[in-house]
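A.B. asks: Next come the chains, spelled out residue by residue.
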Amino acid sequence: MLSKTIYMDYQATTPCDKRVLNEMIPYFCEKFGNPHSSSHRMGTEAAKAVERARKQIAELIHADDEKSIIFTSGATESNNLAIQGIARFYKEKGNRIITSAIEHKCVLEACNYLKNEGFDVVILPVKSNGIVDIDALKEAINDKTILVSVMTVNNEIGTIQPIDEISRMCREHGVLFHTDAAQAVGKIDVDVSKVDLMSISGHKIYGPKGIGALYVRTKPRVRLTPLFQGGGQERGLRSGTLATPLCVGIGTACAIAQKEMAEERLRLLKLKDYFLNKIFDNLPKVYLNGDREQRIPGCINLSFDGIEGEGIMLGMPEICVSSGSACTSASLEPSYVLKAISVREDLAHSSLRIGFGRFTTQEEVEYAASKIIEVVNRLREMSPLW
Amino acid sequence: MEYSKKVMDLYSNPKNVGSLNEEDENVGTSVVGAPSCGDVIKLQIRVDDDGKIAEAKFKTFGCGAAIASSALITDWVQGKSLDEAKKIKNKDVAEYLSLPPVKAHCSVLAEEAINKAIENYLSKKGK
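From first to last, the protein sequence lines are chains V and G. When you line the first sequence up against the working numbering, it's residues 86 to 471, in that order. When you line the second sequence up against the working numbering, it's residues -13 to 113, in that order.
Simulated from the structure, these hints should not be mistaken for laboratory data. Ideal Cβ positions, reconstructed from N, Cα and C, are used throughout, including at glycine. Among the hints, a few may not be true.
[As the list claims (entries may be wrong)] For each label pair, taking beta carbons as the anchor points, the in silico distance ranges come out as:
no.: 1; chain 1: V; residue 1: E451; chain 2: G; residue 2: G37; range: 51 to 61 Å
no.: 2; chain 1: V; residue 1: L373; chain 2: G; residue 2: A20; range: 22 to 32 Å
no.: 3; chain 1: G; residue 1: P87; chain 2: V; residue 2: H258; range: 43 to 53 Å
no.: 4; chain 1: V; residue 1: E403; chain 2: G; residue 2: P87; range: 20 to 30 Å
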């Protein structure tokens, strides 16, 4: 056993890049000014740092106007602000909100919550390859629809959703389009020209936890009702003093991602191919969940027929992965994402999500593949289903 | 999930993994749980002439707690009479293994498995 821990859960969170941390540190104790105190140099110093970060985020997602970037506490807040904010502001225009069955819980729950306020929420089905059914969207979208919210990359199976097609359909019907891009930004090239609102998370892109951003289109202007009241910071959309060090952190993380993304993607593709080849060559009846091609390379969701996901994880405690098995959740329900893409229930219990990222090495991938093969074989020998 | 050392030991080195001949009239077999629920235990006992459980084997599809519960109960019943074996309750298993509350159902399944294996043996014997 390698004595060190191998982290392979990059969809849950990523370590903060030390280059990010180094940029953040001066803004805790030395350059601690309130970025909204524009009357003195400490305040303007912090404000400059915040605005630089805003620009770095805007550049990564190809936003022309950096004012379109609103800082939040993370993707959960961004998603809630987008969905609830649009729903409440445009409620006179219509009451239908369309989303998909494989969205993050915070999107589904925000939509669910709005049902209490009289909104009509349509949940789009997803095809067995993990891609949203566009035909269902075509049927669901009507003149009462005010918002479509579909994620760019799914957090459990890594599939990339057809943003261009959804965008076209929304434009045709004059409907606003929000995308939760927490798992996409910094991994694939995202372009806000296709959407009206986009959620971003700091800690999924090697930045700090506790910070995120929401892109809100300024031309033509998209309006939102804020989630809470206060000093009217962030164009009145998100009151509260900005956390300068965290803003600097997410900005730096975006700048690094922009520089390294293309090369990193190729590196992860190689690691993924090596890993999958080794697993498939050595183990029968292992299934990759989600489309083989339309996916990010760093998110690998596999079902190992005949054995249970938590059982596998227990056999390799030095490797941090996650499972769609009910046994890893308090609810005792297997993953709703795997259910939505019609994975057989026992295979949902048999699933592992293995996430590769910036600090994953070839050596770690080799070790993890060998270890998984060993544990799977051992557990299959003691399975009544094998 | 944080498990006790006893769960980890039983999971890592489970005793009694395997199968007995289902056709043997001295063997009782049970399969409990469902693949769709994420837990299946197949448990078998061989009863000797003096009515004691001579051998118990299991195969389990499930989490660490399910595997440990199966391994433990098959260990406990060996050498016991059928009546003694029936007295083992799920809470004995859960307590011995310090199972977290969310895993209590694994011990319930293990109790059900031993009881059904005994029933199966008795029905074979026409009792």
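A.B. asks: Work down the list of hints and note, for each, if the structure agrees.
C.D. replies: So, going through the hints one by one against the coordinates:
1. E451(V) <-> G37(G): 51 to 61 Å: 54 Å, holds
2. L373(V) <-> A20(G): 22 to 32 Å: The hint (22 to 32 Å, Cβ to Cβ) holds, given that L373(V) and A20(G) are roughly 25 Å apart.
3. P87(G) <-> H258(V): 43 to 53 Å: 49 Å, holds
4. E403(V) <-> P87(G): 20 to 30 Å: 27 Å, holds
Checked against the numbered hints listed earlier, the structure breaks none of them; every hint is satisfied.
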